[in-house]
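Visitor: Modelling step: build the complete structure from the supplied sequences, incorporating the hints.
The primary structure of each chain is shown beneath.
2 protein chains.
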Amino acid sequence: MAHSHDLPADLTRNQGLVLSALNHSEGPLSAYDILDKLRGDGLRAPLQVYRALDKLVERGLAHRLESLNAFVACADEHCHRKGLIAFAICEGCGKVDEFADGVIEERLGDWAGAKGFRVERTTMEIRGKCGACVGV
Amino acid sequence: MAHSHDLPADLTRNQGLVLSALNHSEGPLSAYDILDKLRGDGLRAPLQVYRALDKLVERGLAHRLESLNAFVACADEHCHRKGLIAFAICEGCGKVDEFADGVIEERLGDWAGAKGFRVERTTMEIRGKCGACVGV
DNA sequence: TCATTTATGTTATAGCATAACGTCACCACA
DNA sequence: TGTGGTGACGTTATGCTATAACATAAATGA
Numbered sequence: 001m002a003h004s005h006d007l008p009a010d011l012t013r014n015q016g017l018v019l020s021a022l023n024h025s026e027g028p029l030s031a032y033d034i035l036d037k038l039r040g041d042g043l044r045a046p047l048q049v050y051r052a053l054d055k056l057v058e059r060g061l062a063h064r065l066e067s068l069n070a071f072v073a074c075a076d077e078h079c080h081r082k083g084l085i086a087f088a089i090c091e092g093c094g095k096v097d098e099f100a101d102g103v104i105e106e107r108l109g110d111w112a113g114a115k116g117f118r119v120e121r122t123t124m125e126i127r128g129k130c131g132a133c134v135g136v
Numbered sequence: 001m002a003h004s005h006d007l008p009a010d011l012t013r014n015q016g017l018v019l020s021a022l023n024h025s026e027g028p029l030s031a032y033d034i035l036d037k038l039r040g041d042g043l044r045a046p047l048q049v050y051r052a053l054d055k056l057v058e059r060g061l062a063h064r065l066e067s068l069n070a071f072v073a074c075a076d077e078h079c080h081r082k083g084l085i086a087f088a089i090c091e092g093c094g095k096v097d098e099f100a101d102g103v104i105e106e107r108l109g110d111w112a113g114a115k116g117f118r119v120e121r122t123t124m125e126i127r128g129k130c131g132a133c134v135g136v
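So the sequences go chain by chain: A and B. The first sequence begins at 1 in the working numbering and counts up one residue at a time. The second sequence begins at 1 in the working numbering and counts up one residue at a time.
Just so you know, these hints were derived from the structure itself, not from any lab. Since we're looking at a predicted model, the values are computed, not measured. Each statement offered as a hint is correct.
Pairs involving identical chains hold if they fit within one copy or between any two copies, as the list cannot separate such chains.
Derived DSBU-like pairs (lysine-lysine); straight-line CA-CA distance at most 30 Å:
id	residue 1	residue 2
1	55	37
2	95	115
3	129	115
4	82	95
5	55	95
6	129	82
7	82	55
8	115	82
9	95	129
10	129	37
Guide: Below is the structure:
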């Protein structure tokens with residue numbers, strides 16, 4: 001759902017515009033979708049959007065969905081969810097649900113420990129139909 | 001590691017060429033990487049590669065790595081691994097390790113059940129450094 | 001002050017993926 | 001025998017996603 005929390009005060013203009021576009025969207029947006037929404041605000045080039053997205057993702061204010069090549073605002077109001085986040089993406093309505101699971105993270109850690117693999121980041125994306133769309 | 005198992009007999013020429021290219025590669029290949037390797041065998045257009053990849057992925061003989069926009073041969077010799085597969089991608093050497101974890105799958109199922117979400121497929125990709133590359 | 005860093009704007013280009021068309025080989029079965 | 005369906009193939013063109021390279025300007029901090 002589109003939510004209306006205030007943007008962090010220290011965002012730059014472009015970062016603020018991009019985050020705001022994501023916050024007001026019902027679902028994920030591609031960088032080019034965002035650009036189209038923000039042409040009226042003076043943005044002209046993909047790079048302006050990508051640069052803003054980089055910063056937002058870095059700060060955890062937005063997430064990249066690898067399987068869609070698209071971005072969503074972080075669902076957590078105050079945005080400090082740590083560790084592995086999983087996304088459930090509905091193919092019906094396009095909405096994305098975000099959740100964390102300590103057990104999954106732990107299993108992953110076990111596997112990595114056993115293999116000597118140093119985990120830097122993990123993407124976990126579930127595709128399917130959400131409850132509302134299954135009923136149809 | 002490049003391995004040398006025989007290809008399934010019922011692959012078409014293009015599918016065989018593409019799978020063979022993946023089998024002989026140390027790491028993931030993009031569709032265009034594959035195309036370049038196979039120009040000598042008569043392939044000319046990206047679509048020829050993408051069509052073959054679609055079939056291979058559908059049959060579980062190859063996997064798509066969403067976070068790389070690239071593809072790998074399935075690591076399982078006889079290729080019938082069912083359910084969720086996780087990939088650990090080394091940023092150092094580029095190699096990909098493939099594993100399955102029943103517990104993770106179960107946790108996912110629990111979450112989905114509680115939400116009424118019908119899971120169709122899941123991608124799980126871990127980025128980091130493999131044991132061999134951490135030491136460096 | 002002056003050097004460093006960070007954000008910005010712009011053009012051009014690289015890399016990934018599919019649309020839309022036509023052809024051909026194969027196979028089931030009337 | 002032939003006829004229709006299916007699935008692979010080949011080709012051209014195009015669209016979507018992402019970054020390189022270069023220039024400018026503003027903020028930071030020793």
